[in-house]
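J.: Listed below, chain by chain, are the residues.
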Amino acid sequence: MQSNQTFADVFKAGGVSRRDFLKFCTLTSVYLGLSPSMVPSIVHAMEKKPRTPVIWLHGQECTCCSESFIRSSHPTIEDIIFNLISLDYDDVLSAAAGNQLEDVRRKTMKDYKGKYILAVEGNASTKDDGVYCMVGGDSFLNTLKETAADAAAIIAWGACASYGCVQNAHPNPSGAAPVSDIIKDKPIIKVPGCPPISEVMTGVVTHFHTFGTLPELDRMGRPKAFYNTRIHDKCYRRAFFDAGQFVRSFDDEATRKGWCLYKMGCKGPTTYNSCSKIQWNGGTSFPIGSGHPCIGCSEPNFWDRGPFYSRLAEVPFLGSDSNADKIGVVAVGAAAAGAAAHAAVTAVKKAKAGNEDNDKA
Amino acid sequence: MGRIIEEIYVWRLPVRLYHWINALTTAALFITGMYIAAPLFNPPLGEAVLYKGFSWWRYLHFAAGFIFIANFLFRLYWALFGEDKYARFGGFRPWSPTWWGTPFREQVESYLFLRSDEPNYVGHNPVAALAHFVFIFCGSSFMIFSGLAMYGENNPGGFNSVWFGWMIPLFGGSYTLHFAHHLFAWIFPIYLIMHLYAVFRHDVVDRTSVTSSIITGYKHKVEEEPS
Ligand code: HEM
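Protein chains in written order, with the working numbering: chain A, 1 to 361; chain B, 1001 to 1227.
There's no promise every hint is true.
[Stated by the list, open to error] Calculated lysine to any residue pairs in the SDA-like style (CA-CA distance at most 25 Å, straight line):
id, chain 1, residue 1, chain 2, residue 2
1, B, Lys1052, A, Arg238
2, B, Lys1221, B, Val1204
3, A, Lys224, B, Trp1166
4, A, Lys257, B, Val1205
5, A, Lys234, B, Trp1163
6, A, Lys257, B, Leu1040
7, A, Lys352, B, Gly1139
8, A, Lys257, B, Tyr1051
9, A, Lys326, B, Ala1180
10, A, Lys350, B, Arg1003
11, A, Lys349, B, Asn1120
12, A, Lys350, B, Leu1040
13, B, Lys1085, B, Arg1012
14, A, Lys352, B, Ala1028
15, A, Lys263, B, Gly1046
16, A, Lys326, B, Gly1139
[Said to hold, decoys possible] One-sided excerpt, in silico: chain B residues whose CB lies under 7 Å from chain A:
id, residue
17, Phe1054
18, Gly1101
19, Pro1169
20, Met1194
[Stated by the list, open to error] Here are the computed distance ranges between Cβ atoms for each label pair:
id, chain 1, residue 1, chain 2, residue 2, range
21, B, Phe1137, A, Pro50, 56 to 66 Å
22, A, Ser249, B, Leu1114, 53 to 63 Å
23, B, Tyr1077, A, Ser320, 38 to 48 Å
Quick caveat, the hints were computed from the structure, so don't treat them as lab data. Model, not experiment: these values are computed from the prediction. Note that the Cβ used here is the ideal one computed from N, Cα and C, for glycine as well.
Put together the whole structure using the sequences plus the hints.
T.: In structure tokens, the structure reads:
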């Protein structure tokens, strides 16, 4: 792959018309939430700027992020962008392997020092020097640190790289840690989700390519354009939530009517993602659309906030699984028992004091 | 029963009003909050747009929440600027070791039946002051901050999201903050039990009419019973 071609060059070589190219730029600006006046900047960047080199690392992960990324709704457009990022290193997608491939990574790191984007899928094991995740003969922990050192910015793909996902769910045997726990001195864009929506992924890359800056991030380091609002806020079942029309079990009448899944443990009200806006597979549907509650896969540590089908999480308490209400009832019971015991002692003491007084009299 | 020797005006009207507004809004918040977490009532039949079955409960929670907040702020104002010697923060100095000294120890010992006499306080005794600090001051502050953070979630960039939204990453996400808000809601019934017990017990043991004092404002000093 030649890294200094522009997107427009590659579009042309691929037989894409100028009209389709402009369509792509416009669509991208919509996904990024930019005003129409920004479209020329995107066109300009796509035409004039050499493609941004990307090194894509895979740590402890399931590759669902890549799967999402390569499977997009509008094949021409998404396939094109997939072909267009100058994806210089991706050990899962490359034909090359072994030393040959590792050399490419090192060369890109040297040639584009401080300019390339490091895209990380998965996270690193930090226990026992990271031996639980070895890639290309070295621990992923080392590879990640080495490759991050000269990157312009890091994109943490998916829940794994952003927060840790299932690998660092309790009890986290391999000491899995998200990228932000390991790399402290580089800007990191978190794109959580298990996996993230493909248009969100391409949108983030395009933003960086167009403006040369990171997209605006929220307090948790996620691009605001996609993670600013909760699933709940744009959910088409919201009217049922407000009306109090809830599904109570998966085979009831309400399920058939498509009422709100809040009581079935839907995490939509606490999950920041674009599923209810952009949806999946080219706007076909999203989990709630298919009648399944949101499990909150783009929220930190969602595996440990289970069970998925109840609203209140279970947490360990006095050696067993409890939820906030069970803990509350135990604590209230303890307070009541304490008060009753104290009252009893007070009464006994008073009676004794009374007797003594009587004895004296 | 001994003779009343002295009548002391302890709880001035603003303090009594604060107390009852706080009691009512906290009860309302607890009940509506629990309903929000687990809506029970059967759903209405018909078009969703015609009903506000659940948003009504949430509306009540938020309305009670804002009264609760205003009342809390008023009480802070009163404690700092009210020049009310029984309702100010003045005496409460938990950072200073002397505060934890003799009076506090004596009160704890008395509650633990380690001494027979009851230290007598006109206002709050030191243990009561500490309980109020933990449950009412810290507890309410937490409920207010977490509540406003969640309240601001539907309007990113708005006032509540800018000023209180930092609570969300602090607690590791919106869900955990909901969980904490829900868990800490339970401190209020716990406090209620301890509070009512302590008040009734003091009334029986020291006979200072502390129970009626929160309605009338007056506490009494009574003569020691002739022994
Ligand atoms: C004594 C004080 C309070 C108590 C006992 C209380 C209790 C609760 C409970 C139990 C919940 C359900 C949590 C869940 O499982 O999701 C809740 C939710 C909530 N509370 Fe409170 N709360 C209090 C004060 C406040 C205040 C001052 C506000 C600020 C306006 C507030 C705003 C909220 C919000 C926004 C929710 C989430 C509603 C939703 O998810 O639809 N709360 N509260």
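J.: For a quick check of understanding: which of the numbered hints are violated here, in increasing order?
T.: 4, 7, 12, 14, 18
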